[in-house]
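Novice: Chain residues, written in single-letter form:
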Amino acid sequence: MFYNEMFEGSEVRAPYAMLSDWVDTMPADMRQMKQAEAEALFRRIGITFAVYGEGGDPDRLIPFDMMPRVFLQGEWRRLERGIKQRARALNAFLRDVYSRGEIIRAGRIPARLVYQNAAYEKAVVGFVPPRGVFSHIVGIDIVRTGRDDFHVLEDNCRTPSGVSYMLENREIMMRMFPALFRNNRIEPVDQYPEILRRTLASVAPAKCADEPTVVILTPGHFNSAYYEHSFLANLMGVELVEGNDLFVDAGLVYMRTTEGPKRVDVIYRRIDDPFLDPLCFRKDSMLGVPGLMDVYRSGGVAIASAPGAGVADDKAVYTYVPEMIRFYLGEEPLLQNVPTWTLWKEDDYKYVMANLADLVVKEVHGSGGYGMLIGPKASKDEIARFADLIRANPDNYIAQPTLALSTSPTFVAEGVAPRHVDLRPFCLCGDRLELVPGGLTRVALREGSLVVNSSQGGGVKDTWVLSE
Amino acid sequence: MLCRTAANLFWMGRHLERAETAARLLDVGARMTLLPNTEAGYRNEWESLLRAAGSQHSFAGSYGDSITQENIESWLFFDKENPSSVTSCLEQAREGGRIVRTALTSQVWDALNVAFQELRDLSRRLRSQVDTSMLTDFTTRHGATVRGAINASQLRNDGWHFINLGYSLERADATSRLLDVKYFVLLPRIEFIGSGLDNYQWQVILRALSAHRAFHWAYGGEITAGKVADFLILNGESPRSLLSSLYEAVWNLDRLTRRYGEAVPASASALAHETLERLMAHDIDAIFDEGLHEFLSWFIGEIGSISDAVHDDYFSGRM
Chain A
1 MFYNEMFEGS
11 EVRAPYAMLS
21 DWVDTMPADM
31 RQMKQAEAEA
41 LFRRIGITFA
51 VYGEGGDPDR
61 LIPFDMMPRV
71 FLQGEWRRLE
81 RGIKQRARAL
91 NAFLRDVYSR
101 GEIIRAGRIP
111 ARLVYQNAAY
121 EKAVVGFVPP
131 RGVFSHIVGI
141 DIVRTGRDDF
151 HVLEDNCRTP
161 SGVSYMLENR
171 EIMMRMFPAL
181 FRNNRIEPVD
191 QYPEILRRTL
201 ASVAPAKCAD
211 EPTVVILTPG
221 HFNSAYYEHS
231 FLANLMGVEL
241 VEGNDLFVDA
251 GLVYMRTTEG
261 PKRVDVIYRR
271 IDDPFLDPLC
281 FRKDSMLGVP
291 GLMDVYRSGG
301 VAIASAPGAG
311 VADDKAVYTY
321 VPEMIRFYLG
331 EEPLLQNVPT
341 WTLWKEDDYK
351 YVMANLADLV
361 VKEVHGSGGY
371 GMLIGPKASK
381 DEIARFADLI
391 RANPDNYIAQ
401 PTLALSTSPT
411 FVAEGVAPRH
421 VDLRPFCLCG
431 DRLELVPGGL
441 TRVALREGSL
451 VVNSSQGGGV
461 KDTWVLSE
Chain B
1 MLCRTAANLF
11 WMGRHLERAE
21 TAARLLDVGA
31 RMTLLPNTEA
41 GYRNEWESLL
51 RAAGSQHSFA
61 GSYGDSITQE
71 NIESWLFFDK
81 ENPSSVTSCL
91 EQAREGGRIV
101 RTALTSQVWD
111 ALNVAFQELR
121 DLSRRLRSQV
131 DTSMLTDFTT
141 RHGATVRGAI
151 NASQLRNDGW
161 HFINLGYSLE
171 RADATSRLLD
181 VKYFVLLPRI
191 EFIGSGLDNY
201 QWQVILRALS
211 AHRAFHWAYG
221 GEITAGKVAD
231 FLILNGESPR
241 SLLSSLYEAV
251 WNLDRLTRRY
261 GEAVPASASA
271 LAHETLERLM
281 AHDIDAIFDE
291 GLHEFLSWFI
301 GEIGSISDAV
311 HDDYFSGRM
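Top to bottom, those sequences are chains A and B.
First residue of the first sequence? That's 1 in the UniProt record's numbering, and the numbers climb one at a time after it.
First residue of the second sequence? That's 1 in the UniProt record's numbering, and the numbers climb one at a time after it.
Pulled out of the complex, with its shape left as it was, chain A reads as follows:
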């Protein structure tokens, strides 16, 4: 059965006790009024979400559920230790595979999975980024399956998005329900942008002599996460640049300003590796900066996350993260992986093909809930079609059991009902590791649904960590 975060037997658990009272004493019309107010606020601020290729309203809102998800201090401390441990191991792995590759020599992970991985950047082999950090913002997707059971669903080492929702959900809750915050001790999250700025400044390259100039590089305002890019730039007080705003001259990167060129030291990029530099990667990229990679490799500019960081968050490499933790840190993993079958292993392949109806099968490089099969929800035809895809290229797939995602109380038409949730906290890695107490909780709003992706009918919630 599913773990319901609100109840222990028939008793309401401590973290949800006051929310239970809050809901019970809320007049019926109040809820509708507040929900409409929340929606108007989101639209007014302009937090909208565009999905590529779906057409329709480009200013679609991600549904916001006013019922917060709550963690006790103790639960959070445990999660925090596990998340930081994982972020540390992932960065150690990246440092290793772009230098001596000890973990591969030791036979703890197959060479093929690393060196033939599309995300492995040969262009940065042998280069160690400032402070040895490759992934500066690690977003770790976590699901809960029991009171004490947390599993990591996937790691995001490149440019995880969603942090603006963590911040805005909190803003809107505080604005609409100040009494909830006065009467409860909820840890703040609004220090995130400042910590992010400090983290990025702490990885300034060797050639930067003064206070580092940090910028955010966006693909532009047509990107679905553009709101987040401008939101973060605003809160951090840094320029939001597009590729055309930057240029390379004499081994350094500059931005075009009304007062002439201005030097740039750290680029927090929100575009993918292949688009960073048309001279180094895709020649047809209009989003990047020609010559950027040369400057990067000669220590003229820092790029966060570092090019090549994607090799650590691949779904195939994912299965080896517990191994990384043991290998680099000499520790046992505090957070478990979801059991995963890798279809390039013969035994796994046989088992998966025989049990497709019970499993979730994912593409190794897929994301956003696309390119996957949810066995228990699929028709026979869909399963048969997917089986053909797998047979054609088994290396491209992994399978996992359908996870019993925990539920959190959620407002629905009839009142409050349990809906499945996951969690994405954001761990920042620079001169030290930092994690603000909170994250993005995504909720599958349809009854029984396990898909929380915002592109497929998922919503978001404010995530609370209670102080002691």
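These are computed hints drawn from the structure, not numbers from a lab.
Only a predicted model underlies this, so the values are computations on that prediction, with no experimental measurement involved.
Not one of these hints is a red herring.
Residues from chain B that keep clear of chain A, each with C-beta distances beyond 10 Å, as calculated:
| hint | residue |
| --- | --- |
| 1 | Arg51 |
| 2 | Asp65 |
| 3 | Asp131 |
| 4 | Thr140 |
| 5 | Arg141 |
| 6 | Tyr200 |
| 7 | Glu222 |
| 8 | Asp230 |
| 9 | Tyr247 |
| 10 | His273 |
| 11 | Met280 |
| 12 | Glu290 |
| 13 | Leu292 |
| 14 | Ile300 |
| 15 | Ala309 |
Straight-line alpha carbon distances no greater than 20 Å define the calculated SDA-like cross-link-like pairs of lysine to any residue that follow:
| hint | chain 1 | residue 1 | chain 2 | residue 2 |
| --- | --- | --- | --- | --- |
| 16 | A | Lys350 | A | Pro376 |
| 17 | B | Lys80 | B | Asp131 |
| 18 | A | Lys262 | B | Ala263 |
| 19 | A | Lys262 | B | Thr257 |
| 20 | A | Lys377 | A | Ile390 |
| 21 | A | Lys283 | A | Val248 |
| 22 | A | Lys345 | A | Arg108 |
| 23 | A | Lys262 | B | Arg259 |
| 24 | A | Lys262 | B | Glu262 |
| 25 | A | Lys84 | A | Asp431 |
| 26 | A | Lys262 | A | Glu211 |
| 27 | A | Lys350 | A | Ala387 |
| 28 | A | Lys345 | A | Arg112 |
| 29 | A | Lys207 | A | Gly132 |
| 30 | A | Lys262 | B | Gly261 |
| 31 | A | Lys122 | A | Gly299 |
| 32 | B | Lys80 | B | Glu118 |
| 33 | A | Lys377 | A | Ala354 |
| 34 | A | Lys262 | B | Asp312 |
| 35 | A | Lys262 | A | Ala201 |
| 36 | A | Lys380 | A | Asp358 |
| 37 | A | Lys262 | B | Gly317 |
| 38 | A | Lys262 | B | Pro265 |
| 39 | A | Lys350 | A | Pro401 |
| 40 | A | Lys34 | A | Leu61 |
Positions of the beta carbon are idealized from the N, C-alpha and C atoms, including for glycine.
Place chain B on chain A using the hints.
Specialist: Coordinates of chain B only, in the frame set by chain A:
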């Protein structure tokens, strides 16, 4: 400030002003049709509007020669095919604002975004429930809200100067074009000049520029072509006059020049100063002698050159 940011702020100002111009043109046209006038009938007035907006050809592309009040309303207010319609301009201003959100205060963004959301609601309403004054009120009201938010909350930095430069150059251009409507209306029948009808049309232009009362305070007495033209061209107290608009542009350019120092070229500033001097050397009789239309064409050309120079000086990202 990033060149791209500066350019977007400048164009945001221009588009906001241009949206108001489209609404004012609509108002001029609607009022002129309330009068029994030239034998060509309504058609003449509406056509002159299209000419002043510089869009009679693209209008014909969408509506053929069906110049009716409803089609003109569609064209000037709702039509996205028309890059100068209120809808196009507000959408572009909001999109420009979205691109440079980091350079705008939340009040400014809020005002822009609210205008945009209400515009969507308005465009979903049945056309029979929408009349011209509703459309012009909508535009001037939101224009004033955004303008007020900018003045009340933006830092007085280079970004603010670029927004105001956009506003002032666009307004200089717009007032010239509105005055030119008058020229087009009168063109076929020179003997109308000085007649009652003529004076009524001048009044309409004053009203469209929300300057009717202001004119009476400034001049008093009878409305004559000379006084109105003087008010709208050479009067430094009249907020939308060519002189005021250009003066505001010059002031903003001076501020930028001072702020940026000698390392940044100032060709736009030099050109604006020169145009301002030439404008101030005119008196209203000289302008009528020269021909109002010729004078306005010269001025519109100068504003275009200044705008190009602003682009070269500040937005081109020169090394």
